[in-house]
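Q: Could you build the full structure based on these sequences and the hints that come with them?
Just so we're aligned, residue 509 is where the sequence shown starts under the numbering used here, counting upward by one.
Just so you know, the hints here were simulated from the structure itself, not pulled from any lab data. Positions of the beta carbon are idealized from the N, C-alpha and C atoms, including for glycine. One or more of the hints may lead you astray.
[Stated by the list, open to error] Each computed BS3-like pair below joins lysine-lysine, with the alpha-carbon atoms no more than 30 Å apart:
1. K598 to K617
2. K548 to K617
3. K511 to K617
4. K548 to K598
[Stated by the list, open to error] Label pairs and their calculated CB-CB ranges:
5. H543 to V609: 15 to 23 Å
6. T559 to A629: 29 to 37 Å
7. I566 to L632: 41 to 49 Å
8. D550 to F623: 21 to 29 Å
9. G586 to F512: 48 to 56 Å
10. A514 to D612: 33 to 41 Å
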Amino acid sequence: MLKFLARCMMFIVGLVLIAETGLPTRAEQLRVDRHSSSFKSDHRGAGAGDTSYTLHLIDGAVSTCSVGYALYSRLQDGDSVEVRSTRLFKNCIRISQGDEVLEDDRHWKYIALAFGALLIAGALGLLPRSDDDERSGIAIRLG
Numbered sequence: 509m510l511k512f513l514a515r516c517m518m519f520i521v522g523l524v525l526i527a528e529t530g531l532p533t534r535a536e537q538l539r540v541d542r543h544s545s546s547f548k549s550d551h552r553g554a555g556a557g558d559t560s561y562t563l564h565l566i567d568g569a570v571s572t573c574s575v576g577y578a579l580y581s582r583l584q585d586g587d588s589v590e591v592r593s594t595r596l597f598k599n600c601i602r603i604s605q606g607d608e609v610l611e612d613d614r615h616w617k618y619i620a621l622a623f624g625a626l627l628i629a630g631a632l633g634l635l636p637r638s639d640d641d642e643r644s645g646i647a648i649r650l651g
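A: Put into structure tokens, the structure is as follows:
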């Protein structure tokens, strides 16, 4: 029963991802309210890690956008930007200021389509499993 529910969820999420690529995007004129960053350290403890930069926006449906360091340091609080985002998940796919494109995620549709198709294929049992198990589904080997 649990496998059936997991497959149903995979199928629904896959359909939603594919449906989002067909919906029109939302374009809004927003203002930068504040900046925030978070650091996730590496498990090895060598001081290495990854820093995530986020712009917090006001005056629209999209409230945050994850950006790179260059854009994070370039925009100031109170700056007005045009943000193009997806309808369902409200992911920022393009940030521009005037005629200048500051950040653009050109391949978001291809990535969403690929993940959606992979989830649907897994839900329908179209992905091969390991040789020792005759049931259909996904096989992940880590060694």
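Q: Hint by hint, note whether the structure agrees.
A: To see whether the hints hold, each was checked on the structure:
Straight-line distance between C-alpha atoms of K598 and K617 comes to about 14 Å, which keeps the hinted pair within the 30 Å bound. Distance check on the hinted pair: K548 and K617 sit about 28 Å apart at the alpha-carbon level, within 30 Å; holds. With a C-alpha separation of about 29 Å, the suggested pair K511 and K617 falls inside the 30 Å cut-off, and the hint holds. Distance check on the hinted pair: K548 and K598 sit about 24 Å apart at the alpha-carbon level, within 30 Å; holds.
A C-beta distance of roughly 20 Å is found between H543 and V609, which places it inside the suggested range of 15 to 23 Å. For the pair T559 and A629, the beta carbons lie near 35 Å from each other, so the given range of 29 to 37 Å is met. Look at I566 against L632: about 43 Å separates their beta carbons, and that is inside 41 to 49 Å. The given range of 21 to 29 Å is respected by D550 and F623, whose C-beta atoms sit roughly 26 Å from each other.
Restraint check, G586 to F512: a C-beta distance of roughly 52 Å satisfies the suggested window 48 to 56 Å. Checked against the given bound of 33 to 41 Å, the beta carbons of A514 and D612, roughly 35 Å apart, stay inside it.
Checked against the numbered hints above, the structure breaks none of them.
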